[in-house]
Amino acid sequence: MLVRSAIAARPATLVFSVAGQTRNMATLKEIQTRLKSVTNISKITASMKMIASTKTTRAQRAMNVARAYGQVSNDLIKQAEVEKAAGAKELLITVSSDKGLCGGIHSSLSRYSRKHLAENNEVPVVILGDKAKVQLQRAYPENIRYSFNQLGSTIPTYDESSIIASTILNDKSIEFDNAKLVYNRFVSAISFETDAIECYPVSQIVEAPNFKAYEYQEDVLENLNEFLFANSLHWALVEGHAAEMAAKRTAMENATKNAGDMINRLTLQYNRGRQAVITNELIDIITGASAL
Amino acid sequence: MSFAWRAAGMNYLQYSSIAARALRRVVKPELRSEVAKREGVAIKFAKWDNGKASASNPVPVIETRAKAEN
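Which chain is which? The protein sequence lines are A and B, in order.
Numbered per this note's numbering, the first sequence spans residues 1 to 292.
Numbered per this note's numbering, the second sequence spans residues 1001 to 1070.
If you're looking for bench data, these hints aren't it; they were derived computationally from the structure.
Incorrect hints may have been included.
With a straight-line Cα cutoff of 20 Å, these simulated PhoX-like cross-link-like pairs (lysine-lysine) come out [claimed, not checked]: (1) Lys172(A) to Lys89(A); (2) Lys1037(B) to Lys55(A); (3) Lys99(A) to Lys1044(B); (4) Lys49(A) to Lys257(A); (5) Lys115(A) to Lys89(A); (6) Lys1047(B) to Lys172(A); (7) Lys212(A) to Lys84(A); (8) Lys49(A) to Lys99(A); (9) Lys43(A) to Lys55(A).
Okay, the calculated bits of chain A under chain B, using three or more residues with CB under 8 Å as the criterion [unchecked claim]: (10) 137-145; (11) 162-170.
Now the in silico label distances, taken between C-beta atoms and shown as ranges [claimed, not checked]: (12) Ala139(A) to Lys1044(B): 21 to 31 Å; (13) Arg1024(B) to Met262(A): 45 to 55 Å; (14) Asp75(A) to Trp1005(B): 19 to 29 Å; (15) Lys1044(B) to Glu142(A): 19 to 29 Å.
Glycine residues also receive a C-beta, built at the ideal position from the N, C-alpha and C atoms.
All chains should be modelled from the sequences, with the hints used to inform the complete structure.
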């Protein structure tokens, strides 16, 4: 009876197992290819994470120095209690960079900028960095006045910030009183927050309640204000760079972890498939042998 | 009191960066390498008009006579 059932079972299992074998073989090869490519990718992301973490430590050190620059501007504004005048003309400067693979850095900046532009349609925009440019030129192309690129591969120097500020100031066709610098503030190694620095013109500083008590020379104040503008821009650039390096490190760490999980899952699948093929072949041999 | 460079069309940032560049040029050779890192601007910019960008150009840097003589 066992033999009869085995004979009856044999053709079906034979056909089934041959088809199953071919199917399994093809799947096995596919899984092998996927395993190889995911392993390569995880090696790349692991090395990118290493690079990003060394860049983060260096960028953080530069950020602490640049913060001192920015605090100079901030302190004067805060102590004098400068206020933005109603109906002042604004300029929006979005401080991003050219490089990607850094998580939500650039999309957060462009979201903040787009929200501001939705409320104030006529504000001119200066974009630092290609990533934000791509996103903003789709939504508000007429507002853009300047776009700067080749930024973000190295820690920004004061020379660079000063030249950007000077190019904006020298162009008399852009009329603005206040400038709003949209940048990413470095909160910690794993988080950042998009924020804005406000820059004021001489006319508003002069009207500040605590400043009115003093005599001043208009020329000197103009110089100081340009210096303060470059300071704030430098602070925004360097802190944004540090936030971006930290976010890149986190993103690459997540990518490496995900790739590792995928490798484990695929390896299990591969081994199970391999064992299934061996088991099927064994079944064939045994039923074939028992039929003889 | 109007500054000569302001009358010539420069703003304070250009004036101070020329001064900084002059200072960097007179640094002693041993310290020159770490100072040279702070110089050099590779930024490009494009002026936009009506939603269209012009071609990218390097940012304008004022060259001084010292550079020209070199």
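Now for the hints, and whether the structure bears them out:
{"no.": "1", "hint": "Lys172(A) to Lys89(A)", "in the structure": "holds (14 Å)"}
{"no.": "2", "hint": "Lys1037(B) to Lys55(A)", "in the structure": "holds (16 Å)"}
{"no.": "3", "hint": "Lys99(A) to Lys1044(B)", "in the structure": "holds (15 Å)"}
{"no.": "4", "hint": "Lys49(A) to Lys257(A)", "in the structure": "holds (11 Å)"}
{"no.": "5", "hint": "Lys115(A) to Lys89(A)", "in the structure": "holds (17 Å)"}
{"no.": "6", "hint": "Lys1047(B) to Lys172(A)", "in the structure": "holds (13 Å)"}
{"no.": "7", "hint": "Lys212(A) to Lys84(A)", "in the structure": "holds (15 Å)"}
{"no.": "8", "hint": "Lys49(A) to Lys99(A)", "in the structure": "holds (15 Å)"}
{"no.": "9", "hint": "Lys43(A) to Lys55(A)", "in the structure": "holds (19 Å)"}
{"no.": "10", "hint": "137-145", "in the structure": "holds (count 5)"}
{"no.": "11", "hint": "162-170", "in the structure": "holds (count 8)"}
{"no.": "12", "hint": "Ala139(A) to Lys1044(B): 21 to 31 Å", "in the structure": "holds (23 Å)"}
{"no.": "13", "hint": "Arg1024(B) to Met262(A): 45 to 55 Å", "in the structure": "holds (51 Å)"}
{"no.": "14", "hint": "Asp75(A) to Trp1005(B): 19 to 29 Å", "in the structure": "holds (27 Å)"}
{"no.": "15", "hint": "Lys1044(B) to Glu142(A): 19 to 29 Å", "in the structure": "holds (22 Å)"}
Going down the numbered hints, you'll see the structure goes against none, and every one checks out.
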